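Engineer: Based on the sequences and whatever the hints tell you, model everything.
There are 6 protein chains.
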Amino acid sequence: MHSALLVPGAFLSPFAVEDAVRRALVEDLGRAGDITSAATIPEGKRAHAKLTARKPGVLAGLACAAEAFRQLDPAIEFRANKRDGDPLQAGDIAAEIAGNASAVLSAERVALNFTTHLSGIATLTAAFVAKVKHTRAKIVCTRKTIPGLRALEKYAVRCGGGMNHRFGLDDAVLIKDNHIAVAGGINAALKAARASVGHLVKVEIEVDSLDQLAEVLKTGGADVALLDNMDTAMLKRAVEMNAGKLALEASGGVNLDTVAAIAETGVDMISVGALTHSAPALDLGLDVEI
Amino acid sequence: MHSALLVPGAFLSPFAVEDAVRRALVEDLGRAGDITSAATIPEGKRAHAKLTARKPGVLAGLACAAEAFRQLDPAIEFRANKRDGDPLQAGDIAAEIAGNASAVLSAERVALNFTTHLSGIATLTAAFVAKVKHTRAKIVCTRKTIPGLRALEKYAVRCGGGMNHRFGLDDAVLIKDNHIAVAGGINAALKAARASVGHLVKVEIEVDSLDQLAEVLKTGGADVALLDNMDTAMLKRAVEMNAGKLALEASGGVNLDTVAAIAETGVDMISVGALTHSAPALDLGLDVEI
Amino acid sequence: MHSALLVPGAFLSPFAVEDAVRRALVEDLGRAGDITSAATIPEGKRAHAKLTARKPGVLAGLACAAEAFRQLDPAIEFRANKRDGDPLQAGDIAAEIAGNASAVLSAERVALNFTTHLSGIATLTAAFVAKVKHTRAKIVCTRKTIPGLRALEKYAVRCGGGMNHRFGLDDAVLIKDNHIAVAGGINAALKAARASVGHLVKVEIEVDSLDQLAEVLKTGGADVALLDNMDTAMLKRAVEMNAGKLALEASGGVNLDTVAAIAETGVDMISVGALTHSAPALDLGLDVEI
Amino acid sequence: MHSALLVPGAFLSPFAVEDAVRRALVEDLGRAGDITSAATIPEGKRAHAKLTARKPGVLAGLACAAEAFRQLDPAIEFRANKRDGDPLQAGDIAAEIAGNASAVLSAERVALNFTTHLSGIATLTAAFVAKVKHTRAKIVCTRKTIPGLRALEKYAVRCGGGMNHRFGLDDAVLIKDNHIAVAGGINAALKAARASVGHLVKVEIEVDSLDQLAEVLKTGGADVALLDNMDTAMLKRAVEMNAGKLALEASGGVNLDTVAAIAETGVDMISVGALTHSAPALDLGLDVEI
Amino acid sequence: MHSALLVPGAFLSPFAVEDAVRRALVEDLGRAGDITSAATIPEGKRAHAKLTARKPGVLAGLACAAEAFRQLDPAIEFRANKRDGDPLQAGDIAAEIAGNASAVLSAERVALNFTTHLSGIATLTAAFVAKVKHTRAKIVCTRKTIPGLRALEKYAVRCGGGMNHRFGLDDAVLIKDNHIAVAGGINAALKAARASVGHLVKVEIEVDSLDQLAEVLKTGGADVALLDNMDTAMLKRAVEMNAGKLALEASGGVNLDTVAAIAETGVDMISVGALTHSAPALDLGLDVEI
Amino acid sequence: MHSALLVPGAFLSPFAVEDAVRRALVEDLGRAGDITSAATIPEGKRAHAKLTARKPGVLAGLACAAEAFRQLDPAIEFRANKRDGDPLQAGDIAAEIAGNASAVLSAERVALNFTTHLSGIATLTAAFVAKVKHTRAKIVCTRKTIPGLRALEKYAVRCGGGMNHRFGLDDAVLIKDNHIAVAGGINAALKAARASVGHLVKVEIEVDSLDQLAEVLKTGGADVALLDNMDTAMLKRAVEMNAGKLALEASGGVNLDTVAAIAETGVDMISVGALTHSAPALDLGLDVEI
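Residue numbers (this note's numbering), protein chains in the order written: chain A, 49 to 338; chain B, 49 to 338; chain C, 49 to 338; chain D, 49 to 338; chain E, 49 to 338; chain F, 49 to 338.
There may be inaccurate statements among the hints.
Repeated chains share a single entry, so a pair holds when one copy, or any two copies, can fit it.
Stated by the list, open to error - Each computed EDC-like pair below joins lysine to aspartate or glutamate, with the alpha-carbon atoms no more than 20 Å apart:
1. 293 x 276
2. 93 x 225
3. 293 x 271
4. 239 x 91
5. 93 x 312
6. 98 x 225
7. 98 x 134
8. 224 x 91
9. 130 x 91
10. 98 x 279
11. 224 x 337
Rather than coming from a laboratory, the hints here were simulated on the basis of the structure.
Bear in mind the structure is a predicted one, so any value in this text is a computation, not a measurement.
Structural biologist: Pasting the structure below:
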């Protein structure tokens, strides 16, 4: 229902938006509601508001903002001037809102908490994406997300031009060192995984050394190798050894200073936990006229 | 129930922990659960794990970690070496966990997502607190929190030595510029607020100028004045004008470079939105032995 | 959204209304729904109904009634002739409802259960308020509410002209005898409380004797003293001792016969648990024409 | 699980208790929890408490009290000296509780809100039952219950010696005047009801006159007749006319002064809305020693 | 709200439909939503679809289908050509849908999962009903339903011309062999049941032999006897013994081959668990034009 | 926690079991609970029960049965003699249960409704698997599941030796005819899909003809081709054309008579909607001794 606000090609379940916004409004309104507005804003008063960028960045989360106002005033007018994924300059007006003044003021903080957080993720993602645009590497997120907001945060990564890794423990196999050790080695772990999962599930395996990568390549059964904490020289050799057989993902030690060099090794994906666990909020504000 | 893990003096509802952790585990396990562990970890296998700091900081969220493991293995052993609010050095082991290997691996990411996020908030708060320890000013958080995690984040601020502002729109009055404008001025807004709320509700009012502060002081009815975006010279004059009558909170333009000077003006509280909306995660890891 | 039905100045979260009504309808409809109406009311039949007072009182809960009908027939017409807080005479029509006959009959009991209960609270509150109108004392409610309906019941107290005490354990400090004993006395308890809570949290302390009150006044740190089970002579002396420093709340032994004398002692608030735990329902009925 | 606390023969779903108690605790603890206890009660402190009657009455709701303490301290000791349905004298100790002091104080109000409300219902029910014990009439409740607590309140009626009417709109047919009018008369309404419902559903029909009762008796298909607002003379004639064919329920104008005379007419049941919508709380308290 | 889609005389709670459909959509959309449609269907694209029978049967569940589309596109047009309970021939178009193409495709499977399952139940029920239409026997369902869908499945039985047995453990008494044994025999069990339940609750008792039936008839207090696993000769003798006193329900060994003979014994009801636990889905499809 | 009851290699989220069982118990207990047991079973009575196969089949759902008893009696003893995936002969005892008699009787139907339904799915799956065991083909399920039970049903397919297809719309791409048409052909649809989804998402595409398969093979970007409604001759040619490049899934017209021939064409997977939408329940019973 919010599809005109979303970045094209990225679906965001209406239930994810509706439920997260409702939970946030309930959290903020508490038992007694907005007691300041109840005391000071006359019934029937209307307000106009502009969702405005205070700093440059990339927009994400407009559907959450619209939903926050709508839940407190179903007759709210929400006009988007931008859509998710659009770049913002300081002063840009992302959306204009008109409706019941109490509803606008009561929903303001929740609307901003979603959009500043998600736009912060989109903005940081876009910075990483810009650093690697001369290469084939894609910037991907991880499962290091803020609890309860995974679907929204993964969507925000898409708004910034990044791609998504697993959404959870159940939609792809990722064999790590502990799994390998317990299963009895790479060969055994890959065989067990292949035997266990269906034909629409991909298998990724973490390797810490080129020897491990060689064993993975020999064994077969993996779709992706996760090259963990390798330096760029080692990554280059991994890319050569691989010769295009597996998709290669680099992780570890990735930041805005190092990402270009990592991308230039020829890996396919670079995963960055900071996109979702450490992105500072983008400064957006709501200019209200009553 | 988690009280031995919490920072003393700060209560955290067991339901807040239980519900947030359950939601996060459900989010991560999805429909099919941890398909990698199911394929590779033999039934009955046990694991030991250490929750270890990779970088220095302040610990917060241990109860969430314990709860994550407990929900997947009620018989888990969780021994805390530290408690929330404790400083951590790189390499410090905050807790040791022993139990079903699948449960440990399946809960790992959720446990870390809580503790790294909340410890990040505590760590950033502690940095601000350290900058003002020579003054009377307290560092306080705002309502600029990640949707759905407010109680946990406000608790994390306490772990870092900060204090809490309102938890929501319903537990205190905060009259802002729009409320003043609509209500017909400071006098009218303060009267309306006092008439509307009960005897256990405090009233704070935002002022942008010393003239406004003077009017607030003359009118009475406020407990706290929020001095918004004033420079330090103006803050000092506000402190003088106030002469101890109201609690004074400074906000706007606060960062680690400016906070000491702001505190030295003599204000009582300095509110910092970044504590909760922009704190980078603290790097904690789980070292697992199976 | 229901703001035109509410008593001015009192905010009632739309989620509180929506959730409580939905829970009540689900409770009443059970698994099979209204089997009597299903058997006897033809599809498409319409009904008109009048929410009518059978006894005099004060109206509260109109938004709940409207919501009950709306949830079973989104196209229902609900016209309010009165609004919450209005006095009702026997025979007064508070609202008129028109819509699908099955929906009207199926929602009738839930709509009445809310309005008769909440109006009962408002009516009893108004009786207490009338007894003290010649004094400065305000009638306030307590946390002795029916489980699950606190926000609605506290709102109903406002409809009757009363004011609200704490909404829960988290929005103000109330130090009672046990807290004092364990903390090591009044001084220690007040210091611990002040150190623990933020600048927007008020502190109330219960005192059973004038000596205790003297100690509270000397110690400082409290905003309100709760004078528990004192007779009127003692209350008067407490008012004198206090000399306007703290807000004073009287509690214990309050009923419609005693409240005026208590108010005349000069206390600021009188708290009455019976407002919410023992108010008889106000007799309202739904006159339906099909 | 609470069966040893319950009145024999009355089942109370463990989920009804667990869910209602959890909702009430969450409502009371809010976002920040019990901030007074957090500030003043040292970690690890233990408390003993006695649930004590301050006034005579009939006990109901012990399982809810036990559950409230248990949810905040799973290791709580709860020893019942009485069980639901037992008469209480002022001073009687219904139960003793020992456990974590913060948990005891934080759960106190919720535990009392359930037991005082439900015991109030049981006590009022017992008063009605006592008035009619020389007759065959049973005292039954109605659907006029506090929203969200129906199952608990109906159970409390059982604790007081009363019996239950319908639990909702779906477990029995009750044809009222509007249903009769729309369906085209008593005959048509009864036929429609019988044709629509299964073989385990009883049919009751409201009659306002003896003519209507005669028609019901002639038509067949009803199990129970609800004699609405008839005086005792009319009730007696109804009992005679009925000659034992249908169960007869009297309603309307029932109070403690009138109920005996109504019962002496020979009706089988007397329904009393006030049992659940207007019962004052029974005064119970918690005496805590820390 | 869905009443025009429902079989007349059978009420289906709007909450039952809304909640079951929402749960199913959330289950299907998961965290990331319909990623195929997001990638391939342009924003704003519209679709027309026809809900078409591929095999003959009886329709049930149209309201669920409508609700599934509506939840993903509130502006969907849903035109029903049939209503629940109608017979379908292969090729019949039960409903036509027009709206947002992504919404139509994303809701398709959920809409079909409800309608094919519920129509399967209606179709199997109708087959049993057809076999006994020359007798007085009614076909009734049991509590052997798919967990979570009981209200919907019982409604589907009604769509097929069957009647409903108990909806749960709480709306009627059914005394089985174990209850009899523990209670101390038929007499004791019936007395205990009658003493325990209200006047609107029917009592059914299972009997395995004619001796038991004789004892039930002699004891009184039962409304219905469940004749369990009796052959037709025995059933006939039970009908004779009963002489119309109790309603008689036959169960055990009922299938489409045996049901007519069972019905011809004169029993009132024949209960068939297979209606809800083993009905194959009816083949319905959605023909979409975009 | 239930891992010892599960089929090895298949993870079933404890939350999926806990939530589905709770919902089912609440559905069955309703408002008043098990009124028959409350009336007839003395407090403290214990029962022993045996979960016994009445017909041969394959067991699935033991964890749900255990959970149902446990939720009504946390101290229940549940000893499994079999585990999920085990074959059952008529008379085999899958598990023995000992505990509170009321709890055993009240949970009986829910425990059976889960195990008979899930074992029915496992049994039907095993029948299909047996027919193709001489081939390389795997039997896979679809999204044609009973609403609300998908995770459990997909697990039951695994118990019967089948494999899982997509769990929802979000964990893999499946491009169908409508997507192809709207996207502008196979090439465009595959490109759009690949560009839109992450590196751990597989792409399957439905083809109705060998020409379409050829185009898919030429285009690249697909991992799996779904050969829809092709006869065995065509399937054989598809297998030849494919030459091992893509995984091939056959669907349409699959039943126990046709599946072997389909498997012999050399396809990799055969998907069967009937496994989950039309499997009759397996006859299991609970033999209770009190």
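Engineer: Cα distance capped at 20 Å. Does residue 98 pair with residue 279 within a copy, between copies, both, or neither?
Structural biologist: Neither way: residue 98 and residue 279 sit 47 Å apart in one copy and 27 Å across, limit 20 Å.
Engineer: At most 20 Å between C-alpha atoms: does residue 98 with residue 225 qualify within a copy, between copies, both, or neither?
Structural biologist: Answer is between: at 16 Å across copies they meet the 20 Å cutoff, but 50 Å inside does not.
Engineer: At most 20 Å between alpha carbons: which applies to residue 293 and residue 271, within, between, both or neither?
Structural biologist: both (8 Å within a copy, 14 Å between copies)
Engineer: Is it within, between, both or neither when you check residue 224 against residue 337 at 20 Å Cα-Cα?
Structural biologist: Result: close only across copies, 13 Å inter versus 54 Å intra.
Engineer: 20 Å Cα cut-off: does residue 93 pair with residue 312 within a copy, between copies, both or neither?
Structural biologist: Close neither inside one copy (58 Å) nor across copies (40 Å); limit 20 Å.
Engineer: I want to check one pair: residue 93 and residue 225. Are their C-alpha atoms no more than 20 Å apart within a copy, between two copies, both, or neither?
Structural biologist: The answer is between: 16 Å across copies meets 20 Å, while 61 Å in one copy does not.
Engineer: Treating 20 Å as the Cα threshold, decide for residue 130 and residue 91: within, between, both or neither.
Structural biologist: Close across copies (16 Å), not inside one copy (31 Å); limit 20 Å.
Engineer: I want to check one pair: residue 224 and residue 91. Are their C-alpha atoms no more than 20 Å apart within a copy, between two copies, both, or neither?
Structural biologist: For residue 224 and residue 91, the Cα distance is within 20 Å only across copies (18 Å; inside one copy 59 Å).
Engineer: Tell me, please, which holds for residue 293 and residue 276 at an alpha-carbon limit of 20 Å: within, between, both or neither?
Structural biologist: Cα proximity of residue 293 and residue 276: one copy only (18 Å, versus 30 Å across).
Engineer: Is the C-alpha distance from residue 98 to residue 134 at most 20 Å within one copy, between copies, in both cases, or in neither?
Structural biologist: The answer is within: 17 Å in one copy meets 20 Å, while 38 Å across copies does not.
Engineer: Since the copies are identical, ignore which copy is meant and state whether residue 239 and residue 91 lie within 20 Å (CA to CA) inside a copy, between copies, both or neither.
Structural biologist: between (67 Å within a copy, 17 Å between copies)
In this structure, the earlier hints numbered 5, 10 are contradicted, and the remaining ones agree with it.
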